[in-house]
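Produce the complete structure using the sequences and hints provided.
For the sequence shown, the working numbering gives the first residue as 154, with consecutive numbering after it.
In short, the hints are calculated from the structure, not lab data.
Watch out, some of these pointers could steer you wrong.
Here are the computed lysine to aspartate or glutamate pairs in the EDC-like style, where the Cα-Cα straight-line distance is at most 16 Å [to be verified]:
1. K326 - E310
2. K298 - E246
3. K217 - E338
4. K294 - E245
5. K208 - E322
6. K251 - D271
7. K250 - E225
8. K217 - E330
9. K251 - E225
10. K337 - E268
11. K337 - D219
12. K342 - E330
13. K215 - E203
14. K326 - E205
15. K251 - E300
16. K251 - E297
17. K215 - D333
18. K250 - D159
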Amino acid sequence: MPYSSDIIVIGCGNVLFKDDGFGPIVINLLQKYCNDKNDYYDPAVTAYVEDEFNKDILEQIKLKFDDISLPESVQFIDGGTAAPTNFFPLYEEYDWKKLIVVDVVEFNAEPGTVETFDPNIMKIGKYDNPHGMTVEEPLQKISEKCEVIVVGCKPAEIPTPDVDMGLTEPVEKAIPEAIDIILKEIGVK
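Okay, here's the thing in structure tokens:
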């Protein structure tokens, strides 16, 4: 079964709209540097990161994966923009123990701030993705069956509908912290 891992880490967003690409970029880095056997990182996204990111930040990211081994029960998924409608409903078919959602979240903080959120204490409508869907309600339903954590980063810019690739500087700088949180949540740090 393709999504039968105990821990699912899913990145939500669209790399075509600046900071909305935070989730997919983090997932692709995790897939590449954790040598994830369950899925394949997107070489185009990783090439963008390796060519365009601040080299000091990229080195920080790479060092985080020294001497760690990924438990068999973890799967990283680039859910794109369709995760709330196409992926989240799959919880009924699987026995996940934990779902970690990586995405941009609007909250009262400086751009690039990373926080973890419990969807059960987020008000409906607080976590809207840039495509107009609320995300708390499906995550609250999933949390009745398994632990759900949102690793959210405050975006600086999401230019929808205009295409503009590349993370802003504060969101790019937030990626090492987000990876630390995720690795801790999956039990490898």
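Structure-based check of each hint:
1. For a cut-off of 16 Å, the pair hint linking K326 to E310 stands: about 14 Å separates their Cα positions.
2. Note on K298 and E246: the hinted pairing holds, with a Cα-Cα distance of about 11 Å set against a maximum of 16 Å.
3. For the proposed pair K217 and E338, the alpha carbon gap of about 14 Å is at most 16 Å, so the pair holds.
4. With a CA separation close to 10 Å, the supplied pair K294 and E245 stays within the 16 Å bound.
5. As the CA atoms of K208 and E322 are separated by approximately 13 Å, the hinted pair is consistent with the 16 Å bound.
6. With a CA separation close to 12 Å, the supplied pair K251 and D271 stays within the 16 Å bound.
7. Only pairs whose Cα atoms come within 16 Å are accepted, and K250 paired with E225 is accepted, the gap being roughly 13 Å.
8. For the hint pairing K217 with E330, the CA-to-CA distance comes to about 10 Å; that is within 16 Å, so the pair holds.
9. Among the hinted pairs, K251 with E225 is consistent with the structure: their alpha-carbon atoms are about 14 Å apart, no more than 16 Å.
10. Using a Cα cut-off of 16 Å, the hinted pair K337 and E268 holds, with the two alpha carbons roughly 14 Å apart.
11. Taking the CA atoms of K337 and D219, the gap is near 14 Å; set against the 16 Å cutoff, the hint holds.
12. Our distance criterion of 16 Å between C-alpha atoms is met by K342 and E330, whose separation comes to about 13 Å.
13. Note on K215 and E203: the hinted pairing holds, with a Cα-Cα distance of about 11 Å set against a maximum of 16 Å.
14. Between K326 and E205, the direct Cα distance comes to roughly 13 Å. Compliance with the 16 Å bound is thereby established for this hinted pair.
15. Straight-line distance between C-alpha atoms of K251 and E300 comes to about 5 Å, which keeps the hinted pair within the 16 Å bound.
16. Restraint check for K251 and E297: the C-alpha separation of about 11 Å stays at or below 16 Å, so the hint holds.
17. A hinted pair counts as satisfied when its Cα atoms are at most 16 Å apart, and K215 with D333 qualifies at roughly 12 Å.
18. At roughly 5 Å between alpha-carbon atoms, K250 and D159 fall within 16 Å of each other, so this suggested pair holds.
Of the hints listed earlier, there is not a single one the structure fails to meet.
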